[in-house]
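Participant: Given next are the chains, with one letter for each unit.
Protein chains: 2
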Amino acid sequence: MRNPFEPGQPKPKTEDGLFSRHEVGLANRNSGALLETLTRDITPTGTHYLLTHFDVPMIDETTHRLCFEGAFEAPFSLDMDEIRGLPVQSMPVTLECAGNGRSNMSPRSHSMPWHYEAVGTSEWTGTPLAPLITRAKPLNGVVDFAFLGADAGFDKGVPHAFGRSLTPEEIDALDVLLVWGMNGAPLLPQHGAPLRIIVPGWYGMASVKWLTTIRALTERYDGFQQVQTYRFRKHENDPGEPVNAIRVKSLLVPPGVPDWITRERWLREGPVTLQGRAWSGNGVPITRVEVLLDETWQEAHLTPPVGRYAWTGWTIEWAARPGRHMIACRATDANGATQPLEAPFDMAGFANNVVHRVTVHVAERT
Amino acid sequence: MRNPFEPGQPKPKTEDGLFSRHEVGLANRNSGALLETLTRDITPTGTHYLLTHFDVPMIDETTHRLCFEGAFEAPFSLDMDEIRGLPVQSMPVTLECAGNGRSNMSPRSHSMPWHYEAVGTSEWTGTPLAPLITRAKPLNGVVDFAFLGADAGFDKGVPHAFGRSLTPEEIDALDVLLVWGMNGAPLLPQHGAPLRIIVPGWYGMASVKWLTTIRALTERYDGFQQVQTYRFRKHENDPGEPVNAIRVKSLLVPPGVPDWITRERWLREGPVTLQGRAWSGNGVPITRVEVLLDETWQEAHLTPPVGRYAWTGWTIEWAARPGRHMIACRATDANGATQPLEAPFDMAGFANNVVHRVTVHVAERT
Chain A
1 MRNPFEPGQP KPKTEDGLFS RHEVGLANRN SGALLETLTR DITPTGTHYL LTHFDVPMID
61 ETTHRLCFEG AFEAPFSLDM DEIRGLPVQS MPVTLECAGN GRSNMSPRSH SMPWHYEAVG
121 TSEWTGTPLA PLITRAKPLN GVVDFAFLGA DAGFDKGVPH AFGRSLTPEE IDALDVLLVW
181 GMNGAPLLPQ HGAPLRIIVP GWYGMASVKW LTTIRALTER YDGFQQVQTY RFRKHENDPG
241 EPVNAIRVKS LLVPPGVPDW ITRERWLREG PVTLQGRAWS GNGVPITRVE VLLDETWQEA
301 HLTPPVGRYA WTGWTIEWAA RPGRHMIACR ATDANGATQP LEAPFDMAGF ANNVVHRVTV
361 HVAERT
Chain B
1 MRNPFEPGQP KPKTEDGLFS RHEVGLANRN SGALLETLTR DITPTGTHYL LTHFDVPMID
61 ETTHRLCFEG AFEAPFSLDM DEIRGLPVQS MPVTLECAGN GRSNMSPRSH SMPWHYEAVG
121 TSEWTGTPLA PLITRAKPLN GVVDFAFLGA DAGFDKGVPH AFGRSLTPEE IDALDVLLVW
181 GMNGAPLLPQ HGAPLRIIVP GWYGMASVKW LTTIRALTER YDGFQQVQTY RFRKHENDPG
241 EPVNAIRVKS LLVPPGVPDW ITRERWLREG PVTLQGRAWS GNGVPITRVE VLLDETWQEA
301 HLTPPVGRYA WTGWTIEWAA RPGRHMIACR ATDANGATQP LEAPFDMAGF ANNVVHRVTV
361 HVAERT
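Going line by line, the protein sequences match chains A and B.
Numbering follows our numbering, with no gaps: position 336 of the first sequence is 336.
Numbering follows our numbering, with no gaps: position 200 of the second sequence is 200.
Source of the hints: derived by calculation from the structure; they are not laboratory data.
Possibly wrong hints are sitting among the right ones.
[To be verified] One-sided and incomplete, this derived list gives chain A residues near chain B with beta-carbon spacing under 10 Å:
#1 37
#2 44
#3 47
#4 53
#5 110
#6 159
#7 188
#8 191
#9 193
#10 258
Backbone N, C-alpha and C define an ideal beta-carbon position, used for all residues, glycine too.
Required output: the full structure, derived from the provided sequences and hints.
Facilitator: Okay, structure coming up:
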């Protein structure tokens, strides 16, 4: 097929904080969490963030099979009834899109313009993946396992099905789950039905949806989504480093009530309990959340997560005084990593974990 | 509280087809349907469009009550168990946001920048509303019933809870449903849990979510969302006409596969079955869908809707030849109303039912 990026196609004009029609189309189609639902341990079904590269495939689960193929000694395939008959595990996992916060970076990559909202926590149900790979007996010399989805299309002129890979060492280190359920119900089409993986502790691109095939490879997987994107790059010729574990981050439940357009917040003076969530990658615990109140960083109270890979809750009391305030929150994890005050630059806008800032207008109590 | 629109606040720069950061924030937060799911009679749960003016209230359904108050002779209130004990009715209804298509209008109102995707069809379950209003015995002189939600905030500097109204004649004419279920499951928080109304055949603003109160009024309801917005206005001083019934409209399931950013479509030459949906307001049937193929309008085959207020399916065969094509679809209803080829202008960008156009690249079969 032809390359959709014709020579001479004008570059979108997105300078000066403005956004293109294509970016808005992506924002309309993909959906972010509602920050007010961060009060809940589990994001309400239907409000977990969604980033769909191509189209959602509508798959008939009665005929769907997962195939283990390639450099396996004992390749096999399973239908959905067989997969649901395997040992069942459920796990709350906080997933975040690698592009979350892209729109807060300058200059900005022309892609899905997330502000802050590409995060969510669901209870995922399935079966551990590692025993199935062991059962298929990888041959000596296998260096990668490719996970191939049913979703396909073009990116930068390259036609491909969505695919990602994990090395044998990563399969050993990560608690990868082969998933068919979500929040106690069957997986929804837009979340990968009938079958996906969840790679806890990593950004969402690793958690391949609409999974059809796991292929053992004796050379590194070179699929588009593995090697041509999801890499940290500082300039055009930078080969870059792969994006994988989630960076430490936190969000605030915006207090008071919003203005419809600006989403700035309005509340009356007096005591208010602020709350939010914090999380980091690879199951590393959150050890501290600080909240910027009245221009001073103050330490919040942490509430334990509902699982190793789920976000931590936090609360803090604030005596809100009349005026316009900028509130911010900043998390630190057990590795000592802390959120930056300025967005870390990346060519494609990946993994921006700058602190979350919310403008609050406090009115006098009359 | 103070007006969030301070004097001197700069007008957003949104000329030249570009969009502001606030518009993108709304697009990230609100979510559109995925056009590929238009193949299904019922929109998959979690992908029905969502337009939330303020924050989603998290309501405890065990203590929630619906109050009938104001100019009733026999006012009463009901808890959720009592409401679920009333006669049960389920109804598939196609809902569309009044702002759908706003971004295709020029000049464009600064609000949620929907392209085409603010539509969906769910199976709503609840009980007919009209008998409950009769039971509360409206007093002589009642001219309006206000439906008040639990969601509140600011719009254009005016603090208010979301509310809308219907006249006694509209209650008689419309099959308004008091709803607690959706697609065979409890109503989700973001769709109005625990209780909302569905006003079939009207744009979505009438279907008040998080319903707390039905108030009988002897003067017309003057809530912000009833009188200060959702009106068709041609210029600043135009008092305008209320937005109510949905205008005739159709959408195409984009064929082939997409480019990630532009969403332009790619497929190989040969026969392809195109399909889509068409709907109109007030339960008026769709009588014709025409599809622009190879620069000729051709008549599609209609498949019956699953209910009076649900969209109609359509299909048409196309012999796709290599090249770049613009496909469009245009519906006509039993009243003879047809979609326009140019967007009808409205100050606030309401009810744009211009034809849906999709760019398709057809590659030679190699």
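Participant: Now, for every hint given, state plainly whether the structure supports it.
Facilitator: Hint-by-hint comparison with the structure:
The restraint placing residue 37 (chain A) at the interface with chain B holds, with a minimum CB-CB distance near 7 Å, inside the 10 Å limit. Contact between residue 44 (chain A) and chain B, as hinted, is supported at the beta carbon level, the nearest pair being about 5 Å apart and thus within 10 Å. For residue 47 (chain A), the shortest C-beta to C-beta distance to chain B is roughly 5 Å, which falls under 10 Å, so the interface hint holds. The interface hint given for residue 53 (chain A) is met, as the beta carbon of that residue sits about 5 Å from the closest beta carbon of chain B, less than 10 Å.
A cut of 10 Å between beta carbons decides the hint on residue 110 (chain A): the least distance to chain B is about 7 Å, and the hint holds. At about 7 Å, the closest approach between the beta carbon of residue 159 (chain A) and any beta carbon in chain B falls short of 10 Å, and the interface hint on this residue holds. At a threshold of 10 Å, the smallest CB-CB gap from residue 188 (chain A) to chain B is about 5 Å, leaving the interface hint in force. For residue 191 (chain A), the interface hint holds, since its Cβ comes within 10 Å of a Cβ in chain B; the closest pair sits about 8 Å apart.
Annotation: residue 193 (chain A) was flagged as interfacial toward chain B, and the flag holds, the nearest CB pair being 9 Å apart, inside 10 Å. For residue 258 (chain A), the suggested interface contact is upheld, since its CB lies about 5 Å from the closest CB of chain B, less than 10 Å.
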